[in-house]
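Make the complex out of the two chains shown on their own, each in a separate frame, by following the hints.
Quick mapping for you: the protein sequence lines, in order, are chains A and B. Mapping of the first sequence onto numbering that gives the first Met the number 0: residues 0 to 307, in sequence order. Mapping of the second sequence onto numbering that gives the first Met the number 0: residues 0 to 430, in sequence order.
Watch out, some of these pointers could steer you wrong.
Pair by pair, the computed Cβ-Cβ distance ranges are [as the list claims (entries may be wrong)]:
hint: 1; chain 1: B; residue 1: S297; chain 2: A; residue 2: K258; range: 32 to 42 angstroms
hint: 2; chain 1: B; residue 1: A78; chain 2: A; residue 2: L286; range: 37 to 47 angstroms
hint: 3; chain 1: A; residue 1: K141; chain 2: B; residue 2: E295; range: 55 to 65 angstroms
hint: 4; chain 1: A; residue 1: G300; chain 2: B; residue 2: L330; range: 49 to 59 angstroms
If you are wondering where the hints come from, they were derived from the structure by calculation, not from laboratory data. None of these values were measured; they are calculated from a predicted model. All C-beta atoms in this analysis are idealised placements derived from N, C-alpha and C, irrespective of residue type, glycine included.
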Amino acid sequence: MKPPSAITSTMPSNPAKLKMIWLQGITCNGNTHSFLNDPALETLLESSEFIHHPLLPCSMNLRQLVKKLPKSDILIFEGAYKADFERAGMRMEELLNTLASKAKHIIAMGSCASFGGIFKEADPEHISGILFDKEKESGPLKEMREKVITLSGCPAHPKWLSFVIEMMRLEKTIAVDEFRRPKELYAYLVHNGCLRNEYFEWKVDCDTFGTKEGCLFYDQGCQGPFTHGSCNKILWNEVSSKTRSGTPCVGCTEPTFPKRELFTTKTYMSIPAEMPLGVPKRSYLALAGAAKSFHIKRLEGKLIDDNA
Amino acid sequence: MITHELIERIEGEAVLDFKTDKSGHVQEASIRFLHFRGMEAILEGRNALDALVIAPRVCGICGHSHLIAAVRMLENLYASAGSAVKVTPKAHALREVTRVCELMQNHIKWLYLVMLHESGKLLGKEPQVALRALYASSQINQMSALFSGQWPHSSYAHPGGVTCDPTHIEVMQALKLLSDVERFIEKDVLGCKTENFEANMDVESLLLMEGDFGTLLRYFERLDLLDLGKSHGRFLVLGEDAHEITPNERSYAHIDFVSEDDSQTFAHGGKTYAKNALYRGKFYETGPLARAISTERSGVSALYQQYGDTALTRITARIDEVVSLIAYVRLLLTSLDFTESSFIPPVSIESISGKGVGVVEAPRGSLIHRATVEKGKIASYSIITPTQWNLGNGTYDSPGIAQKAMLGIESTAKASLIFRTFDVCSVCTTH
Ligand code: SF4
Ligand code: SF4
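Bound conformation, chain B alone (with noise of 0.2 angstroms):
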């Protein structure tokens, strides 16, 4: 039997076509993206600076991510076209906190809006609106917009540094932010001091955590799909530490051993406007799973070692990398040194002509942004998105990360949870 699913509470929407057996079990899924913007057009013929206002506005929940890619993207063009630009490890340091705050907003964001939701629904039981870790995130947001002036959309990054030019007050301010968050992270989220949490990271005491992370991983027991989802078990990370990571090997990744395929899409006579993103003409996973994976994370790694790439695995990954990122946020900023200077000022982008590529660790996994640039002014621009690579379709041999996931899973709507554990945006896939 075939059903279609529309999946909302993503961003945007997409659909996902099942094919299914007699008792329900999924035989075949694949996934449709059908919203469109054009982004990469928009940007061709700009002055390439305008990428840093443009490229943000790909995503409401990530575009900061899009726009440390994009000033990447600048600065190794600056780079390749024989004028490097020095970035001080002061304004590195404040892109990496507006940064990682991006991830921990959004990671907090799919738990309760997406997750708990979701699979409470299924289970019967009426969601609420989770005011607190709405409160939370906005507090992370707040976080940022010390620094970035705002959250959503900034564009304070720039080749050679970044606008902002901080003193103690903010990073005070930022600090009793990070303590607020971290105190509803233990109170809410686990239930428990952080570091009990990363030292008690079997099932058993996952399981029985007190927290709204507790609630989803016995939710996930419940509707028995904890220990499945599991896909191919190849991971990548291209960004911050680089590795790819396939059962049998752990090797340093490579941007030339990506490329996309539209061999889906409609310009194919396909049914989805995303194309795939592939790794040695293969889906890898990417995202927080991968990058816990990719720095050996002790907890996250031995559940991997023990279940694989589960649904367990995958969620538990999610919410230690918050964990792991507030200990992170509160080292860069106890450790900035306000005597270096926030922006080097480059040669005029006019004079820079060259191919440039910025790639970054985004929420959802790595993100990639490519242009050639004739003087000054974009010719052409590409992006590739994380979640292409974790959504694409494949074929019934080779199927792609999410739809390796879904199948065997005894129902549609259950399988539909499974496709949410990989955190769906609909408006960064398709771009």
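Only chain A is shown next, with the shape it has when bound in the complex (with noise of 0.2 angstroms):
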């Protein structure tokens, strides 16, 4: 049994604070200031503080940071990875090994951060993602692999970085996918929750952008069915998503962004050139022909006459 001072040093009244830095590489941004908009911001730094942090208010700023390196709970890290890249003067190589070798948790933030994402273009050769290259696990982090949590998207949804934080900060046990997603976020795919759910079941397309009506799957390239990530279950911006107002996932969750010709579905005699995940093509066209055939009037007109 422990001492009855151990129980009180693991329960403080006044809790230390989780310690985290946020440190870019190659980066529009984009995840900071979508983690800017999670409206539980005060809870979450009620019990927890940044060391470093591009935007908000730190202890260290960044010439400090590259200078002490300090220790931390959580080392979140936004944007592509590359070898040479320099923050106040000190190569990534050194500045992220050092931190996240220091760091208890890591998390990459992001598609960038994740897989190399949309930077990665520019140099496909020597940018990556901190721990996977595209879906190869070759990145920089490779060795710490077991301390890292991947949080794909174009940018993350700040919800999902709250929670990954509160679960490190309780020190639960995440379980994850294969790119080391967190399943309780990444086992959904875009395509749950999707309000055109019905529309891509009985197999009615969408055939012109800015209706309510129709799946945007047939024509206009959606990757909801083979995207994971719930965006359509946690909303974004507490309101929406791309596929409620009527934009095509763009399958920014995944190692395989940014595809091309992002908004035509490709198509084989007409049938679409990527299954919803999981279902042989077989399977598909068998179930593809029944569905057509039925004409379900409910389905086929507005779903709001008057619109005025």
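Below you can see the structure in the form of structure tokens.
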């Protein structure tokens, strides 16, 4: 049995705040601004604080950070990795590796940090994520893989981040998928919870943007049926998502992001080239044939007749 | 003496190289941006519509402006290829709502995360996390997301309109958020009703204002910076309400007079990734102050008449813009006509070749996207961002806008603060 002092020391009346460092690689700052949208920021900052953050008040500026390379509970890395990319005069190779080895947990925030993302396109040979380079687990932190949680997305949702921080603070185990993405966030597909799902099932396509009706999978390139992410469960900015605003999902949480020809559905003999996740082509065809033979009046007309 | 200051708490970082005299006054200042990502090259070779996904990733705080610039570029391309696209007034109004939402959230973050923070620090005040301001900016982004699906990084504007088909519910939600934001502006930022602010825009009244904007002006007064930071007095607006304004003249501005100059970049032995943007071969200031003068908003114009392009006028213009945009968004939201379509499909992009240009007033000023497209594929893409106008490096005789504003300031720390009045963005400047 633990002596009483040990018990009180694990539950101090004023527990020490979780210390976090937010470091940026090659980035657009999109994840930084996504995070600032979290309405629970105040609650989050009651139990955690930033040693360094690019925009929020914090105890160390970049120069001091690079000089001290302090320990942290969580290192959040935003943006893509390139060994010779510099912050405050220090090569990323040294900066990231040192901070990472001194951190208890590491979060790859956004698709660039996760897989290389958009910026990898500029220099595919030298740019990668911190743990993964596209699908390959060959990033600079591969020796520390067990510490890394991947939060892919361009940007990652602020609530995905605050959820993971909270799980880490409470020392709970985070179940992860093959890319070390938390299953509670990425087991869903964007397709789950999309308001157009019924149109998908009955193979009613959306012949043009700007309508409430139809599914964007058949023509507009929606990647919802094979993109992992809870965009339609944990809504964006509390209120919406790409598909809810009629925009096809562009698959930004996947290592394949950004694909090409994002607003057309590639087809082979008028069958979508990419199948919904886990659906064999043959079964899909049989099902599609049957579904198409139904003519459901409700789904063929306007959802709301008079918009005025 | 030569000193280097690392400028943080902007979008990315910059380095200022100062040459000072014995007493520490700034004699020369040059601006270095060191992080380059090659966005234009990433766009080349892709389907032209992919620009609607890639271009917003130029910048995390004004990505939506990049989306609008890209969609305008595409619509201009369609028109010049002889297949003009129609956009209904409703679709246009929705784009305007989300575009100006981005301006408002940007200006609030600039006031709280950058200006109050940095000027407070110079006066020995420990800044707090500006939670209420961040909450207000998240509400503005929510307002935008009601139509655009998400902020940051939406792709809801397409040639021909917008992808959403909102109903009155979204509009009601947006109007409620807008009222909340307005209350925040009145209570926290101004400390008075917006009408009172707009009616009393003389320096004495401004300095007495109770809100955080008044605090910022008082900080500047205590730092003796309020009437410093003068630049060339040349202004440019290229997007909405295009004007060029010089001390003696005011006329319509035309994009044909815009050029880029890379003489200060690494490519030519310089020390930055940023290219200069020039109009008629000269530096022009772009952004909220230019817009206030070009639309002749009375309060700021009067301040400008009296104090010129000083820190006082520049700061006030950005805050006044937030106030004037609240009214504009309300007008847009209440006059939407839902019987109009959101989207009128254009012909396939694969049948389109030619050149397109899209211009938009982004938070920091005029943003330009140009592209050459062959059969729907991007052959070349070129972006000129607002900060390239304001933060370019000139020569000793003809310094850039922010460079000039820093000359003669009594210390490099204070000059750095003047630099920040331009709302610096490193990611946009280099892209
Ligand atoms: S993941 Fe997306 S949002 Fe994040 S840095 Fe990359 S491009 Fe920007
Ligand atoms: S629009 Fe996309 S996410 Fe929605 S139902 Fe269709 S395929 Fe699924």
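Do the hints match the structure? See the list:
The hinted range of 32 to 42 angstroms is not satisfied by B/S297 and A/K258, whose Cβ atoms lie roughly 50 angstroms apart. At about 43 angstroms, the beta-carbon gap between B/A78 and A/L286 stays in the expected band of 37 to 47 angstroms. A hinted range of 55 to 65 angstroms holds for the C-beta pair A/K141 and B/E295, which are about 60 angstroms apart. For A/G300 and B/L330, the hinted distance range of 49 to 59 angstroms is not satisfied, since their beta carbons lie about 34 angstroms from each other.
Of the numbered hints listed earlier, those contradicted by the structure are 1, 4.
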